[in-house]
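Asker: So the chains spell out like this:
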Amino acid sequence: MIFKIAIKNIFNKPLNFLLGWLLLTVSVGIISLLLLVQQQIEQQFTNDIKGVDMVLGAKGSPLQMILSAVYHIDAPTGNIKYAEAQVWMKHPFVESAIPLAYGDSYKSYSVLGTTTAYLDKYSATIKEGKLYANNFEVVVGSTAANILKLKLGDTFFGTHGDKEGGEVHKAHHYVVTGILKPSGSIIDNLIVGNIESVWQMHEHHEEKKAVNGVAVKEEEDPNEADELKQQEITAVLLKFRNPMAQIQLPRIINSSTNMMAAMPAIEINRLFSLLGIGIDTLKKMAWGIMILSALSVFITLFNALKDSKYELALMRTMGGSRARLMLLVLLESMLLCLSGFICGIILSRTVLYFLSKQAQSDYHFSFKNFTLQLPEEGYLFFITLAVGIAAALIPAIKAYRLNISKTLANG
Amino acid sequence: MDEANKQVNMLQTKNLHFSYNTDTSFQFPDISCANSDALLITGSSGKGKTTLLHLLAGILKPTSGNININDTDITTLKANKLDHYRGQHIGMVFQQSHFVASLSVLDNVVLAQYLSGRKRNSKEALVLLESLGVASQKNKKPSQLSIGQQQRLSIARALVNNPAVLLADEPTSSLDDENCFAVARLLQQQAVQFNTALVIVTHDSRLKQIFKQSIALS
Chain D
1 MIFKIAIKNI FNKPLNFLLG WLLLTVSVGI ISLLLLVQQQ IEQQFTNDIK
51 GVDMVLGAKG SPLQMILSAV YHIDAPTGNI KYAEAQVWMK HPFVESAIPL
101 AYGDSYKSYS VLGTTTAYLD KYSATIKEGK LYANNFEVVV GSTAANILKL
151 KLGDTFFGTH GDKEGGEVHK AHHYVVTGIL KPSGSIIDNL IVGNIESVWQ
201 MHEHHEEKKA VNGVAVKEEE DPNEADELKQ QEITAVLLKF RNPMAQIQLP
251 RIINSSTNMM AAMPAIEINR LFSLLGIGID TLKKMAWGIM ILSALSVFIT
301 LFNALKDSKY ELALMRTMGG SRARLMLLVL LESMLLCLSG FICGIILSRT
351 VLYFLSKQAQ SDYHFSFKNF TLQLPEEGYL FFITLAVGIA AALIPAIKAY
401 RLNISKTLAN G
Chain P
1001 MDEANKQVNM LQTKNLHFSY NTDTSFQFPD ISCANSDALL ITGSSGKGKT
1051 TLLHLLAGIL KPTSGNININ DTDITTLKAN KLDHYRGQHI GMVFQQSHFV
1101 ASLSVLDNVV LAQYLSGRKR NSKEALVLLE SLGVASQKNK KPSQLSIGQQ
1151 QRLSIARALV NNPAVLLADE PTSSLDDENC FAVARLLQQQ AVQFNTALVI
1201 VTHDSRLKQI FKQSIALS
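Protein chains in written order, with our numbering: chain D, 1 to 411; chain P, 1001 to 1218.
Keep in mind the hints are simulated off the structure, nothing from the lab.
Bear in mind that the values here come from a model prediction, so they are computed numbers and not experimental data.
Built from N, CA and C at the ideal position, the CB exists for glycine as well.
The hints are all genuine.
In the DSBU-like style, the derived pairs of lysine-lysine whose C-alpha atoms are separated by at most 35 angstroms in a straight line are:
hint : chain 1 : residue 1 : chain 2 : residue 2
1    : P       : Lys1140   : D       : Lys398
2    : P       : Lys1081   : D       : Lys306
3    : D       : Lys357    : D       : Lys283
4    : P       : Lys1014   : D       : Lys398
5    : D       : Lys309    : P       : Lys1138
6    : P       : Lys1061   : P       : Lys1047
7    : P       : Lys1140   : D       : Lys4
8    : P       : Lys1078   : P       : Lys1123
9    : P       : Lys1141   : P       : Lys1123
10   : D       : Lys107    : D       : Lys121
11   : D       : Lys398    : P       : Lys1078
12   : D       : Lys368    : D       : Lys121
13   : D       : Lys4      : P       : Lys1138
14   : P       : Lys1123   : D       : Lys306
15   : D       : Lys151    : D       : Lys163
16   : P       : Lys1061   : D       : Lys309
17   : P       : Lys1047   : D       : Lys306
18   : P       : Lys1061   : D       : Lys4
19   : D       : Lys127    : D       : Lys170
20   : P       : Lys1119   : D       : Lys306
21   : P       : Lys1014   : P       : Lys1078
Residues of chain D placed beyond 12 angstroms of chain P at every Cβ, according to the derived structure:
hint : residue
22   : Leu23
23   : Ile49
24   : Lys81
25   : Asp120
26   : Asn135
27   : Leu152
28   : His169
29   : Leu338
Make the full structure from the sequences, and use the hints.
Answerer: Next up, the structure:
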């Protein structure tokens, strides 16, 4: 019954409570959205660097190299000589090394030339069709296949660079031989073929390209091995056998070669801490809004109490105890906050859904987790209830100490 | 039937004294009222009519003296017990009918059952509304009722728990003659039907024509 009165009291004057409810919904929505986004970005990013201790590539910004070589959301820093890279790929400290050649794309989805070790690293398996066997045959990640509507046997031309509208490589077309199962990793958003395809694709205009000022040889070399020596790749993903390598290899490579080595874990931590500043700021704003909502609920209840004083006194004459009336005021506030919390959670999921669509088309990143984030959202729930109690505390105490005789006499 | 019609003193006060402060204090005459009887307490304003009523309802605590309602001295009851006792044994009707605005007519009566600690019984509440002629308004908000209907609703609310004592504070002051007598007769009639002691405090002299027993505060 008390519950019923509390609900009816809220709905009797919904406009009075609207502002407090709205502020609470927005603040819970923002906090919960940030939790979801942060948690999933961090999880996805950490997941993708699993088994990559170091990335080797052309000199430039280490973060850019990691973002391009591991996540394919940035342009490569340049190319390196395959032969030079191989010195380090075969280093005794290195357990495995996966060469990557990329820089082309199809409708903004990256075309990556690599070895099958790359597919194994992300435990990618074929859903339909078969693995690429020849040059210009590719397998397509599940998300990319979905969005690009690529099917087995489809052919397409690659575009130079990672944006749509670049120069189209018309000399050769790619053939889709396989579609990959969803793996929850970066590979879902990639088109993968062998390295030779990428090399062959660029043979004819390498002279024009001259990536990052690295002079590229012009004439065809009849010697296969020699040609391989001169070929270029974009980056190498390395996994160490020996923890000593963590300290030694990057230093040696960075100081004595014209290549760059970077540790993804360090770069990504740096990125997270940069993101963290933004997220923390937004979170603080959201907490600020929540405090405002508490204030708004408090003012609403305080004003409502002036009108409902007589009602409360009346309930006392009908046998209602002080504690029960106090409970009624607390309940009104807590119900309001509870509905704010639920609506905030729903709001955050709705926004995330649209954000995910946007992120998929802009960054090939999608948010798939819409479940309740425990324990953080559990804490948020209790904080919301605490806000409800705090906002109602003074009005509830006033209700508790109400002088019924005086109220009735003046009514 | 004999048992029910037996007259016992439902309400009895002794040496009742109350003071707000050193300047304002009241010494009340001893009063008593039996079931099915009605007692009118009159007096001009400032004589402590409302104070006496609030004392009888246990809303105020007397400085000294006793109030026995249904053989229980309510001046000895502790806060929560007193609230509970009031809900079960005392019904109150006020000059201006106030209700819980967000609840329906029926729920306002059910609320009185609930707050007194009894089981909610909307059938019983509806029967009572029926006998007072406002059952057809049960789903409306109290504010949508006419003043006469509101006064009948507040009588229904006061009687729903079968109280030993029905206290009415100026129940007719804001009503015209016709409604005044209708409400007065209704109160009297219900007091008999519910076997309740009826105490009315008022300055409305019209009521003296209906109620025989009266005490004037001076």
